[in-house]
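There are 4 protein chains.
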Amino acid sequence: MNATPINTAKDSLIELRDALRQFANERDWGRFHSPKNLAIAISVEAAELLEHFQWLSEAECADIQPDAKATLAEELADVLLYVLQLADKLDLDLATAARDKLQKNAVKYPIEKSRGNSKKYNEL
Amino acid sequence: MNATPINTAKDSLIELRDALRQFANERDWGRFHSPKNLAIAISVEAAELLEHFQWLSEAECADIQPDAKATLAEELADVLLYVLQLADKLDLDLATAARDKLQKNAVKYPIEKSRGNSKKYNEL
Amino acid sequence: MNATPINTAKDSLIELRDALRQFANERDWGRFHSPKNLAIAISVEAAELLEHFQWLSEAECADIQPDAKATLAEELADVLLYVLQLADKLDLDLATAARDKLQKNAVKYPIEKSRGNSKKYNEL
Amino acid sequence: MNATPINTAKDSLIELRDALRQFANERDWGRFHSPKNLAIAISVEAAELLEHFQWLSEAECADIQPDAKATLAEELADVLLYVLQLADKLDLDLATAARDKLQKNAVKYPIEKSRGNSKKYNEL
Numbered sequence: 008m009n010a011t012p013i014n015t016a017k018d019s020l021i022e023l024r025d026a027l028r029q030f031a032n033e034r035d036w037g038r039f040h041s042p043k044n045l046a047i048a049i050s051v052e053a054a055e056l057l058e059h060f061q062w063l064s065e066a067e068c069a070d071i072q073p074d075a076k077a078t079l080a081e082e083l084a085d086v087l088l089y090v091l092q093l094a095d096k097l098d099l100d101l102a103t104a105a106r107d108k109l110q111k112n113a114v115k116y117p118i119e120k121s122r123g124n125s126k127k128y129n130e131l
Numbered sequence: 008m009n010a011t012p013i014n015t016a017k018d019s020l021i022e023l024r025d026a027l028r029q030f031a032n033e034r035d036w037g038r039f040h041s042p043k044n045l046a047i048a049i050s051v052e053a054a055e056l057l058e059h060f061q062w063l064s065e066a067e068c069a070d071i072q073p074d075a076k077a078t079l080a081e082e083l084a085d086v087l088l089y090v091l092q093l094a095d096k097l098d099l100d101l102a103t104a105a106r107d108k109l110q111k112n113a114v115k116y117p118i119e120k121s122r123g124n125s126k127k128y129n130e131l
Numbered sequence: 008m009n010a011t012p013i014n015t016a017k018d019s020l021i022e023l024r025d026a027l028r029q030f031a032n033e034r035d036w037g038r039f040h041s042p043k044n045l046a047i048a049i050s051v052e053a054a055e056l057l058e059h060f061q062w063l064s065e066a067e068c069a070d071i072q073p074d075a076k077a078t079l080a081e082e083l084a085d086v087l088l089y090v091l092q093l094a095d096k097l098d099l100d101l102a103t104a105a106r107d108k109l110q111k112n113a114v115k116y117p118i119e120k121s122r123g124n125s126k127k128y129n130e131l
Numbered sequence: 008m009n010a011t012p013i014n015t016a017k018d019s020l021i022e023l024r025d026a027l028r029q030f031a032n033e034r035d036w037g038r039f040h041s042p043k044n045l046a047i048a049i050s051v052e053a054a055e056l057l058e059h060f061q062w063l064s065e066a067e068c069a070d071i072q073p074d075a076k077a078t079l080a081e082e083l084a085d086v087l088l089y090v091l092q093l094a095d096k097l098d099l100d101l102a103t104a105a106r107d108k109l110q111k112n113a114v115k116y117p118i119e120k121s122r123g124n125s126k127k128y129n130e131l
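Going down the list, the sequences are from chains Z, L, X and B. By the working numbering, the letter at position 96 of the first sequence is numbered 103, and the numbering carries on one by one without gaps. By the working numbering, the letter at position 84 of the second sequence is numbered 91, and the numbering carries on one by one without gaps. By the working numbering, the letter at position 113 of the third sequence is numbered 120, and the numbering carries on one by one without gaps. By the working numbering, the letter at position 2 of the fourth sequence is numbered 9, and the numbering carries on one by one without gaps.
Hints in this document: simulated from the structure, not taken from any laboratory. Take these hints with a grain of salt, some might be off.
A pair holds if it fits inside one copy or across any two, identical chains being indistinguishable in the list.
As the list claims (entries may be wrong) - Result set (PhoX-like, lysine-lysine): computed pairs, CA atoms no more than 20 Å apart in a straight line:
#1 Lys108 / Lys120
#2 Lys76 / Lys127
#3 Lys115 / Lys126
#4 Lys111 / Lys76
#5 Lys111 / Lys127
#6 Lys96 / Lys76
#7 Lys126 / Lys111
#8 Lys115 / Lys127
#9 Lys108 / Lys126
#10 Lys108 / Lys127
Pulled out of the complex, with its shape left as it was, chain Z reads as follows (with noise of 0.2 Å):
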């Protein structure tokens, strides 16, 4: 009677968090993380990311080269892992905000009338 494997793998948003609790606590770093400052920190971190795209036209957008890609991933991950530490710090569920926040947006930009449409929800 071979027991049917069970995925006992987290769930990865729950792991980083859960990663992310122990780094900052064993650098006892909780007295930088205010709400306030992790969101200021994922602006910064958004904004290194954004400059790698600063000067490039649309063609040169088109064709990312893995060296870049490598530096892109990174300041992705930099995002995402504070983005994670303020959900964290405010206790909010990220994925549910996620999914919530998708579901919202799909009622906000009804298929019909968004179609090939950049508009904001507001001018639709």
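Use these hints to put chains L, X and B onto chain Z, whose structure you have.
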């Protein structure tokens, strides 16, 4: 013979990525979602999040009310949703990128040197 | 017959705008300086400025040292230089725009209602 | 004996700085205007400006209409007004800082090496 229930739940980052793909496809938004535009969107959403903390004192930050929390959850979700879309557009595995970056940070910020210290790694 | 000395000094915003035009022309940078790219540059430089305050407590912010001040002066200058270039590209008179906005703010934030209050005008 | 008219006009950056001082004083906003909060405000306003360009193609950017221009003028003014306030709070001469930075950039980006090239100075 009871089969042990198998956890077939998708990882939430994968689930959200797939939902976002469908969302953008249904609206034919691929044309707007160049890497550069998505990177701009991340910065814009990060600043909308930051705006909520703009004039708050450290004391006020420590006492965020449920109403404000719900708004912040939406803003955090907005950032995450664009981070997921840019990672997908660049064909990056976001969870792996985040794990790798956390590893790298652990090397850059050794526990002993960085405990209780907010200096950048190159100033430690 | 002593001629009264005429103040021929250019207004500093005009002087800087002209110097920036020459700077970009000499380097043939006009092709990179689309309004969109300049707007990105402003956000990127604003975040570099913000990064210096990221982990500072309110007390530390009140005691910025000369060294740090020189760095902040450069970051502020970077933001201003791109603001001037975008205004020029859009053929806007920046000083007039700033005066007009200040006037508008005076109406949006009446002294009596907004004294000691950091609320947004639409919440006053 | 016709007196040559003397240009007694204040430089616009000085005039705006003074007007902003009065504006904040009348509203007792000094307590909110810590350097850190003003740096956040600059980033938030820069992102509001950037949002207008978020989904625009390069072609659309080249053809901005008067209506949109008036909105952009306000957003640019918002950035400038906070830049002026932070410079004032730090007791910096913004025009001098901008002139100095432009000089420094001229050294970092020699005309011959940087013509038609958007690379960062450390990659030239």
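- Query: Hint by hint, which ones does the structure fall short of?
  - Reply: none
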